[in-house]
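Starting from the given sequences, assemble the full structure and let the hints guide the process.
There are 2 protein chains.
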Amino acid sequence: MPIIIQKYGGTSVGTPERILNVAQRVLDTQRAGNSVVCVVSAMSGVTDGLIKLSKQVSQKPSDREMDVLLSTGEQTTIALTAMAINSLGGKAISLTGAQAGILTDGLHTKAKIANISPRQIRKHLEEGFICIVAGFQGQTLQGQITTLGRGGSDLTAIAIAAAVRADNCEIYTDVEGIYTCDPRIVPDARKIDTIAYDELLEMASSGSKVMQSRSVEFAKKFGVPFEVRSSFNTNRGTTVKEETPGLENVVVRGISVERNQAKVTITNVPDRPGAASRIFSTLSDAGVVIDVIVQNVSLSGTTDISFTMNKDELEKMDSVLSTVVREIGAGEMVKKDGIAKLSVVGIGMRSHSGVAAKLFEALGNGGINIQMISTSEIKIAVIIDEDKIAEAANLAHTAFGLAG
Amino acid sequence: MPIIIQKYGGTSVGTPERILNVAQRVLDTQRAGNSVVCVVSAMSGVTDGLIKLSKQVSQKPSDREMDVLLSTGEQTTIALTAMAINSLGGKAISLTGAQAGILTDGLHTKAKIANISPRQIRKHLEEGFICIVAGFQGQTLQGQITTLGRGGSDLTAIAIAAAVRADNCEIYTDVEGIYTCDPRIVPDARKIDTIAYDELLEMASSGSKVMQSRSVEFAKKFGVPFEVRSSFNTNRGTTVKEETPGLENVVVRGISVERNQAKVTITNVPDRPGAASRIFSTLSDAGVVIDVIVQNVSLSGTTDISFTMNKDELEKMDSVLSTVVREIGAGEMVKKDGIAKLSVVGIGMRSHSGVAAKLFEALGNGGINIQMISTSEIKIAVIIDEDKIAEAANLAHTAFGLAG
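Protein sequence lines, in the order shown, are assigned to chains A and B. Position 138 of the first sequence, counted from 1, bears residue number 138 in the working numbering, the numbering being contiguous throughout. Whatever position you read off the second sequence (first residue = 1), add 1000 for the working numbering.
Be aware that a few hints might be false.
What the simulated footprint calls covered on chain B by chain A, stretch by stretch (three residues with Cβ under 8 Å from a Cβ of chain A suffice, anywhere in the stretch; the number is not a length) [said to hold, decoys possible]:
id: 1; stretch: 1018-1028
id: 2; stretch: 1061-1072
id: 3; stretch: 1089-1101
The list that follows gives simulated cross-link-like pairs (lysine-lysine, DSSO-like), each with its CA atoms no further than 30 Å apart [said to hold, decoys possible]:
id: 4; chain 1: A; residue 1: Lys112; chain 2: B; residue 2: Lys1091
id: 5; chain 1: A; residue 1: Lys55; chain 2: B; residue 2: Lys1052
id: 6; chain 1: B; residue 1: Lys1055; chain 2: A; residue 2: Lys123
id: 7; chain 1: A; residue 1: Lys60; chain 2: B; residue 2: Lys1091
Partner residues aside, some chain B positions facing chain A, computed with beta carbon under 8 Å [unchecked claim]:
id: 8; residue: Leu1053
id: 9; residue: Gln1056
id: 10; residue: Val1057
id: 11; residue: Ser1058
id: 12; residue: Gln1075
id: 13; residue: Ala1079
id: 14; residue: Leu1080
id: 15; residue: Ala1082
id: 16; residue: Ala1084
id: 17; residue: Asn1086
id: 18; residue: Gly1143
Worth flagging that the hints you see were computed from the coordinates, not collected in a lab. Bear in mind the structure is a predicted one, so any value in this text is a computation, not a measurement. Even glycine gets a Cβ: it sits at the ideal position worked out from N, Cα and C.
Set out below in structure tokens:
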């Protein structure tokens, strides 16, 4: 019998009514002739409520105790979901991360899955049960409760899919799938049927936050195809899988947009070993997440270094970097927000030239000035003024023929 | 180093502020030179909230899933309590029932403790940790989550006290201890310093619901003395322990009162084997909890049988018993509510006569009519009109010299 993994996020199980809705879907999937494992998150709002409680008893709660606390959220959902399925005439059993055999390292609040022993899941499936597994959590060899950090429930689903060699892994969300561009920005954006792991990774790192990169990387590593789809209807979503020759025929898969960016230029950085590294190790130590970095060839013995980051990081950047700029004998630090990033992604780019030229031409025709350019093997990203981003996205979307 | 077990109920940990208060008390106990294990219940209201959620997804949730659901309540409290102690500069670690080594049978929602392996608790105590253990829950050998039913957190505390051979087991409640009578009824009721297990059991079964009988029986079985005291101050409470010669010197330890009782008399029950048994097995099968039973000697070939129960049970009793009354050829069923039970309890009664006489005299002098009488080795109970119960309790309290 085919094994299907279904994962439902916090919004999909946010109320008792929605849990009953999920229960019916899961039951329908089983009745269509499948063995089903259903991974659920905490009901929306529950995790935030628990975090708020923790702040009321402790300024800095230990990671171990946060895991004991937060794991109750998913445990509540598995029990309710199993009850709901049983009340609809099905046969379901709930499993905590530990009971599902999800073994992790001991890095509390951001544990890594070390191993899954799917013995219990297999046994219950063979007995005809639907297994309802708590996402986001696991257990160490020593029996400590751990959580997997952000996006952890997706990771649970994909890891179980790998462990039981599932025939399908369905990630249910509040969107229909992955789009060629954000439909709120580009009205004629189209749902993508199939996308390669690497393309989704580039889209995700460029603002299309349907899935955490970590889960996609895990799926890629273990070769687990999965489908992102909506929990509010039965439409097919977007399948994410290994790249195939067929997938490469499309040059550009999609366009992603990231607003709220800021750019920093440090002028006259001495062109000697260690100067640039000093800047970026300082930022890394302080936990400032930076994105695009541009440094031009040095002709005069000094160079200008620019980089971008989320606008919210600007203040922290400033506080750790101003001393460093003086110490390495650079010029000044010029900050600018109100910018955005547009990325064009597609594995077909590898074998097709002219993508950059076509993008620059489309933006140029629209009178949009490109402030920075960054490229990877399957992505071209440009930094432009934020108030031009919608226009730019529509121009590029049309230029690459992405509309339906 | 002495080992102290402290148990705090739902009211004592009902808010973040109260959890911080408990944390401080626990920490003070450790700093006074003790190893401390703290057993906590779910925050007040949490369990009811979870039950309400379950009703919204299922009319009749399975016991197994109820346990998965309800056990999150205590798990939340242990994490918060450990965080609170750590934030006050202490060193605490939370343990779920499973982590604390509490092994139960598989009777979900009312599991019995089968064994406790206190290895983890001992190890953490030796490392200087305060152990915060989730009350009310355990795990089967197969790794299923179980709960212990009503009063389960007291049971957890007493079982751990037995397993680690604790020097003291303190049950914190919202009352000061066990009283000679309910102070809301008898204003000069006095807190009892020491009481025997059997006395508390008789008081508990007669309406003094400070502790569930089950926990007291468990403590008696394993010889674990414990103290019932208030979590809102540092006054000594009531110590409950084996009876000693000293304890027997007091004839009457206390008086307990149970309101909201109802009485049923079945007239002209044929005086042949099986008639009475048919009545009470029917009630037992239907889960009707009955209390006092009185049957007089039969002189005429038939007899009247009377019994009491909580008023709320009356309707269920009626629905299952009316047919039986006809089938066994008895007369009629006479129901009466508006009655109450007063019990006088003391192990000293065994060796002292005249207790019943003194009680009947006191009530008689007050013009209070006794409708039924029931006695055990250490208890005399009378059924009277509910509107006379306060007067009766005060008369008896004075007659036996229980005031301070």
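Tested hints:
Residue count for the stretch 1018-1028 of chain B with a Cβ under 8 Å from a Cβ of chain A: 3. That meets the three needed, and the coverage hint holds. Chain A is given as covering the stretch 1061-1072 of chain B, and this holds because 9 residues of the stretch bring a CB closer than 8 Å to a CB of that chain, at least three being needed. Remark: the stretch 1089-1101 of chain B is confirmed as covered by chain A, as 5 of its residues place a Cβ nearer than 8 Å to a Cβ of that chain, reaching the required three. Simply put, Lys112(A) and Lys1091(B) have alpha-carbon atoms about 26 Å apart, close enough for the 30 Å limit, and the pair holds.
For the hint pairing Lys55(A) with Lys1052(B), the CA-to-CA distance comes to about 26 Å; that is within 30 Å, so the pair holds. Pair hint Lys1055(B) plus Lys123(A) holds up; C-alpha atoms about 29 Å apart against a cutoff of 30 Å. Only pairs whose Cα atoms come within 30 Å are accepted, and Lys60(A) paired with Lys1091(B) is accepted, the gap being roughly 14 Å. At about 6 Å, the closest approach between the beta carbon of Leu1053(B) and any beta carbon in chain A falls short of 8 Å, and the interface hint on this residue holds.
Proximity of Gln1056(B) to chain A holds as hinted, the smallest CB-CB distance being about 3 Å (cut-off 8 Å). Interface hint status for Val1057(B): upheld, as the beta-carbon distance to the closest one in chain A is roughly 4 Å, under 8 Å. Hint status for Ser1058(B) relative to chain A: holds, with the closest Cβ pair at about 4 Å, below 8 Å. The interface hint given for Gln1075(B) holds, since its Cβ lies 5 Å from the closest Cβ of chain A, which is under the 8 Å cut-off.
The beta carbon of Ala1079(B) comes within 4 Å of a beta carbon in chain A, closer than 8 Å, and the hint placing it at the interface holds. A cut of 8 Å between beta carbons decides the hint on Leu1080(B): the least distance to chain A is about 5 Å, and the hint holds. The interface hint given for Ala1082(B) is met, as the beta carbon of that residue sits about 5 Å from the closest beta carbon of chain A, less than 8 Å. Look at Ala1084(B): its Cβ gets to within about 4 Å of chain A, closer than 8 Å, so that hint holds up.
With a least beta-carbon distance of about 6 Å to chain A, the hint placing Asn1086(B) at the interface is held under the 8 Å criterion. Given the 8 Å rule on beta carbons, the hint for Gly1143(B) holds: about 6 Å separates it from the nearest Cβ of chain A.
Consistency note: the structure conflicts with none of the earlier hints.
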